[in-house]
Every structure is written in C-alpha cells, then in structure tokens.
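> Okay, here's what each chain looks like letter by letter:
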Amino acid sequence: MVFILMQSVALIAQCTLEMKGTVVDADTREPLGYSNVVIVELQKGAATDESGNYIIKGICPGNYTVRVSHLSCESKDFKLEITADLVRNFELPHSLNELKGVSISAERQKDVPIQAVQEITGEDLDKTRGSSLGESLKGVTGISELKTGSSVSKPVIHGLHSNRVLILNNGIRQEGQQWGSEHAPEIDPFIATQLTVIKGANSVRYGSDAIAGVILVEPAAMPDSSGVRGELNLVGFSNNREGVVSAIAEQRFEKIKALSWRLQGTLKKGGNTKTPDYYLKNTGYEEENFSWALGWNKPTYGLEVFYSQFNSSIGIFSGSHIGNLTDLQAAFDRDEPLEQSGFSYHIDRPFQRAEHELLKTKGWLLTGTTGKFSVTYARQYNLRYEYDKHRPLNDALAALNLPELTYEITSHSVDLLWEHNSYKGFTGMVGCSGMTQGNTFEGRKFIPNYINNTAGLFVVERYRKNKLLMEAGARMDIRELTVYEKENGIVNSYEYNYQNFSGTTGVIYDVTKNIRITANLGTAWRAPAVNELYSDGLHHGAAAIEIGDTSLVPEKSWNAIVSAMLFDHNRFAIEISGYYNLINDFIYLKPVLPPTLTIRGAFPTYRYEQADATLKGIDAMVRYHLTAHTELHVRADIVRAFNEEANDFLQMMPADHFEYGATINLPEWKKTKSNHLMLSVNQVLRQHRVPDEADYVAPPSGYVLLIAEAGTILTFGKQAIHLSLTVTNLLNTSYRDYLNRFRYYADEQGRNVSLKIKVPFQFTKKNKFI
Amino acid sequence: MNIILFATATLIVTNIFTGCKKDDDDPTNPGTPNESELITTAVLTFTDSAGVAPDVTTIFRDTDGDGGAAPTQFDTIRLQNSTTYFMDVLLLDESGSPTDTISNEVEEEAVDHMFFYTQSGVNIATTYLDSDSNGLPLGLQTRWVTGNVSSGTSTITLKHQPGVKDGTQAPGETDIEVVFESRVE
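Which chain is which? The protein sequence lines are A and B, in order.
Our numbering numbers the first residue of the first sequence as 1 and each following residue consecutively.
Our numbering numbers the first residue of the second sequence as 771 and each following residue consecutively.
The set of hints was computed from the structure by calculation and includes no laboratory data.
Since we're looking at a predicted model, the values are computed, not measured.
Every residue, glycine too, gets a C-beta built ideally from N, C-alpha and C.
Certain hints may be false.
What the hints assert, rightly or not - Here are the computed distance ranges between Cβ atoms for each label pair:
{"hint": "1", "chain 1": "B", "residue 1": "Asn799", "chain 2": "A", "residue 2": "Leu679", "range": "58 to 66 Å"}
{"hint": "2", "chain 1": "B", "residue 1": "Ser867", "chain 2": "A", "residue 2": "Asn453", "range": "32 to 40 Å"}
{"hint": "3", "chain 1": "B", "residue 1": "Glu877", "chain 2": "A", "residue 2": "Glu495", "range": "45 to 53 Å"}
{"hint": "4", "chain 1": "A", "residue 1": "Asp124", "chain 2": "B", "residue 2": "Ala779", "range": "33 to 41 Å"}
Whole structure, please, built from the sequences with the hints as guidance.
Here it is as structure tokens:
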C-alpha cells in the first residue's frame, strides 16, 4: 500500500532536527509554564517548564501542524515547515476570540468556563459510544441517571432533572417532551465530539429552565483542512443483543476552500433486556438517525446549515403496565414479573415512538477588529406517539391501531449575538433571543394545546488580571403562554405571563500553579410547565392521580458552587466542589388525602404545590498515579435535598454514590498502542432520606457493581482501529435502583458485555487507499 | 470518495426539497380529547331466580372518569337472605353522548376478559354462569346465593388478560375494581 511505503521513506530521512522556544500568554506576555507543544502528525511533543520553555528533538523535515495548549487557554494550531533546527515562540490567547484565525473554530465560544464544568471528549466519549445521552453522561461527577426501565434514561444534575436541566443540541435549546421522566432526550450522541455539563443555575447565557445545569451536545467544528475524513463506529451489546452502527464523513474542498460538508448517520437495534434471572418482556428499541451540515466559511464571514433527524421506537416493559393499586401491590409482592418472555427484538404495545427534527442556520461576520456578530435561526419539530397496552375494545377502533396519544411541538427560534474582543482586559458578549412554539395533541388529553412565546436579552462580561478571572452577567426574560382548551364545544384560551431577571457572577483564582479556586453564584428560573398547570387525571403507569394548579408561579433558584482543583502533573489531581442550591417556590407533587375513588379502585392523589427547597452536596474526584502506568481514582457524589417548608426530604433524589477504580496502562506491543485495563467498583448506598408516605414501597437496598474494561489501538500503517471491550455488572448482580421508576416491577440489567470498534479514516491526495 | 460526495449531495438535495415534517393541526383550535374508552358506570342487576324477592339494582357511577369530580352514585348491595339471585353486569361509558355499552365489547372479547367476585364478611356464594369460547369463565352473568343475615363488602373486579387468561385473577391488568358495601337482610 502506498501510504506504508511513504512512511518507510520518511523513516529513512534525517530525523534529527530540533525545535525549541517559549510559550507566552498573548495578553500578558507572561511565560506559560506547563503548556503542551505537540507536533500532531508525529504524535511527538513536550511540556514547557516553569519559564515556558520547551524543546522537541528528533523531528524529520516536513510540513507540520503544531498544537499548543495550556490548561487555562484554548489550544491553538500553527502550521510550520521544518527544514532545519528552529527556534519558535508561541503565543496563546486566553480568550479564543481575539486571535481566532480563518478556521471555523471561530464558531465556537469556548472560554475558560467560570462555572463548574465537566467535559466528556476523546477517549472518554469513545467509551460511551452506543449508549443513550443519559447513560453517556453518568460518568461525570454529580450526574446520575433517572430511568424508566432499561431503555429510557435521563440525566440528573445535582438531584434535578427533566424540565430543570437545559439541553443544548448543537447550540440550540432542545424543545421536546421534557416533562415526564419517561421521555428521554431525543438526541443522537454520535453527532457530538464533546458533551459538556455545566453544573449549577445558569439562566444568563442559555435562558430559563437551567435550574440544575446545562448539557451541551457539541459536534466538531467543520473541517479546516482539505480531504475527506471520517469515522466508523460499530458497537455490540450482549445483554439485549443490541447492535449499533454509526458513521460520519466530512470534507473541506481543496479547490473551493470555503466550502465544507458533513454527513452522519446512526442505526441502533436492541432486543429484550435480561436481568440476572429473567428477560424483561417488550423492552426492545430501535433508532434511526441522520444529520448533515454544509458550511461556507471565509476569513471574515461564514454561513452554516445543519439538519438532523432522530427517530426512535421504544418498547415499554409489559409488566409495568398496571390498572390499579391492587395490580401495583401484586407487582411489588412478586419476586419476578408475572408476564415473562424469552428473547425477542419485537416491539409490541405498550410502546412509544418519538421523532425529532432540527434545522439550524447560522451566519457570522467579523465586525472589524472589535468582535464577531452571529445570527442563528432554528426550527425544531417534535412528534411523540404513545401506544397503550390496551387496544380499544371497539373492534373498528382497534383495527386502526392508532396511538392513544399524539403530541406535536413545533418551535422556531432566533438568536443574535455579538462577542467583543479583549478591550482593556474585558471580553464579553451581548445577545438576544426569541422563540415561538406551538403544541398540539390528539387522543387522550394530558397536555393541552398551547402557544408559548419567549424573548430574552442578556449581557456577560469578563475581566482578567494576572491570576484572577472574573465574570458577571445579567439577563431579562419574558414568557407568554396561551393555553387553548375546548370546553363544551367552545374553545377557551387562558394566558399566562411571566417575566424574570437572572444574574450570574463568578471568579477563578490561581492560588499557585497547582491550586485553582473557582467560585460561582448564579440564578435561574423556570416557569411552571404546562403539565404542572393543567394535568388533572390518572397518570397511567404511575398509578396516581395528579392535579395541576394554574396559580403556580415560576420557581427561582439561587445557586452557589465553590470548587478547588489541586494538581501535581505526574502525581495526582484532586477536584472537589461543594454546592448549595436554594430554590424558591420549588414545584413538587404533594400527597393529598383521602385517595381518589374511581371505578378502578382508590388511587393515591398528588397535587402540584410549591415550597422553598434546598439541595446541597459535594462532588469529588481524586486521581492518583501510583506508578507511571497505574492510576487510581475515587469519585464521590453526595446530595442532600430538603423541603424547607414541609420540613421533610424531597422525593426521588439520588442516593450517595461512590466509585473506586484502577487503570493500568500497558506498554506498546507489536502493532498495538494505548493499551489499557480498567476495573472499577460502583457503590450506591440505599436512599433512606425519603419523605414519609410519598411512596408505595421503601427504597431498594444499596448495591455494588463491578465494571471491567480493556482497550487498545491497533495500527496498520497509518490506519488505526480502536477496540474496547467492556463488561458492566460483571458479577451479574440482581439489584434495583431508587432512580428507576420500574424498581417496583423488575430488577436492573444483568451482565452486559460490549465490544466497541472505531475506525477513523481519511482520504487525501497523497495517500489514497488502493 | 466521489460516491460519498454524490450520496451526500443527493441526500441533502432530497432533504431540502422534501422539506421538514410539519404539524398540520392548529394549536389555537384544539380538537376534543378522546378518552379512549372510559368505563364510567357499573350497573349490577339482581333477579330472584324464584321470582319472589324484588329485583335489586346497584350502581357505581363516575361520569367524568378517573379523578375530577367524585362518583355521583355509589350504592350498597342489599339482598334478601336465603335467596338465589341471577346477577347481570352492565358496564357503560356515560361520559359522552350517546352512551356506549362497554359490556358488549367485553362479551365480544370474552377470551381476553374475566370478572372476579370476592365476598368479605357477607354471607354470599357466587358461581359463574357464562364462559368464553375456550371454556373459561367470563362472569357477565353469575349466580349469587345468599345465606344468613350478614354485612360486609363485595368486590367486583374486571381483569383484561389478553393472551394470558387462565381462569385466575393474577395475570393482566385491572379494568375495574369496585368495592361495594353489601348486606344480606
């Protein structure tokens, strides 16, 4: 093969050149110690010493990309031709905006985050491939998973979820059916090269609802060098015999440099999940997703169009469908579900079908040297069908096989943003956004028709001086919700207006080179959701009657997070954060007595009420290098949630969670590299901090699970193949989790072996596959 | 590479022209909610097999379905002692107009349904008088034989057991479950 030959030729060439120099901060001209300077093509690099000096030896002559990065700066690529020994100094911008060059990475607003932020990217993201968004995020400290059976998973940040967690899909607020715990985010994680979790209240930049935090699902910037490249991912899971295929390809044209494209698609199909002792009937699911993007980017302006479609069908475990409390009680009392089955891929009633479509267009323009202006328009369309277990008794109706419930939400949004470059130490942005959204339903009523209009205006400024970075922001929002209901043949409309001010302030202080303190105070608000205002009836599956209240007011959170990071490059890294979240008028379901009498028996009844609540806790992660090849880590997530007015605990809060793990990095061997073995122990304690009489059964016991993983990268010439084998629930332990709504009916998934294969590929003019 | 490019271009162009999916409904003009088959009313009619004691009709009625307003009628079963009654169940959906007779549908799908009667404290013995095509009891028609004067409760349960009906109460999900006060006088 040509490329192998070429590489051999390169190896014979003189590889004795060296490059050295200093890395400095572009703003302050101070040397940047502990920066990394890497020659991307050679995978060769060096770290700078305390004075910012580096030296790289043994370089072959050639054209290279040198990537310079530092903990508190955006990494930056430089193109170099090296023909002789070279002294080269690099400047790193603290804020991306000032020095961003031609590349479309200009698109990405990525300063040093002042909030408590955690990212999943690169290898860590690879490990989650094939999993849903909720599952992918559970590796982040402070995040847990709210599940409905084995197939529906939602991320929980510091004890809060659903309407209180804002998800941005490629920069656009996800507007789907977020209200219920049984509605997973309609997003394909394969579109992302980075998942970012911003913990804490954060309404200023992203708008309302970010009471607990924000999740960013971010694709890579459009390609900045020519040639076709891409990636093929194959994942298989043993437990439910699931297969996942996902591929992405992208190109920047050689002749028309401004033009680039990307195409991505994912297919997923899984069958019934198996607990250690039995299969869960009707728990198969399938997904078909695709997206494409087109970019036209010039040095001073650009335009991008992005389109994605998500389609999923999810079987709902048959044993969870119950008619009344007697059925529910019988389900608790049985060790195993009464209705069982063998393995099957077939999805039968009850099931849900969800579709989500996003069209985004974004244009940007450099406003001279002062900054960058961008405008974004997005349209989202969300469709959800719910098919009950019960077909209609009426034969004619049953034959139509219609969903019992259909929702359609269409949203249009426009965002304007101006980001300004550093001026006397200040950088910042000002922006406004508007959205109009319509919801319609057919079939059984749960959420009425509505039109929701919102508008917001915000400004964020940050100031940097030496070891200190400060940020402050403010935002004003208005929201107008009109609900339309047909009552006795006449359509009545009800209007609700909400407005709110939110603010944020934060500081990062580098005490020494090895200690960084981050403190953030933020507010966020959330208007009552339509289900909280309007639900009135039996919540099927929950076996409870829920009654909304149209007089609810927005809830508002005041959130403080303080984090300390201590690191010694080759020895350890400790990150610990403490948070305190006060939520005024927290909306929750309060039990009402007596139970409601219906023809199906008496049902426990809950009413949406408001009270001041507090959530406080600690996230901690410690990594310690025992030897050069062995790393140990310990993680702890602790949340305490309290209803201050009722003087009682809040329901459905994550139990204390600890993780202990060891990773062994093995040396390169023959054609393999990045060989590693990992074993981790996950311990979840029993949640005993629950309100009295708010649940049918006591929370399940705590549990301990083992996870093992082995990974390698095989290289055949320039072609790399990433392989990893993971076993979750290694000991096939039977357990139930408090945050799974199906804990009443069945055990969790048993042992699951997964194999992940990633094949990156690249076609350039020089080395074509033959 | 050209194939990939061609496929991409084709897909994108097709996607642009076929356009996005659309909601054809107008949010400001909602339709009428369709509560797919509500059972609002159970009427139990007792007839003395000897034709001596008067007929007894006992009704549970909650016309707005689960939740909302409380049931408007919830009678007590009052039967004569030492009497043999035939009992017929009539299930209605009175939430709309015209009233729908749900028990007819239950009869049509007899193989997927079964009524269960549980007496507690009250001296009544119940036996099935009807069955489905598989020979398993249905329970739309039953015989109630009363004993001595006593009082307690009679629970009537309708289970929906598609594919899992085996003559026992455990499988399936509950369509109705009403606990009537009952007296043998």
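> Compare the structure with each hint and give your call.
Hints, one by one, checked against the model:
1. Distance hint for asparagine 799(B) and leucine 679(A): a CB-CB separation of about 60 Å, consistent with the stated range 58 to 66 Å.
2. Taking 32 to 40 Å as the suggested C-beta distance range, the pair serine 867(B) and asparagine 453(A) conforms, at roughly 37 Å.
3. Here the CB-CB span from glutamate 877(B) to glutamate 495(A) is close to 48 Å, well matched to the stated 45 to 53 Å.
4. Taking 33 to 41 Å as the suggested C-beta distance range, the pair aspartate 124(A) and alanine 779(B) conforms, at roughly 34 Å.
The structure meets every hint from the earlier list without exception.
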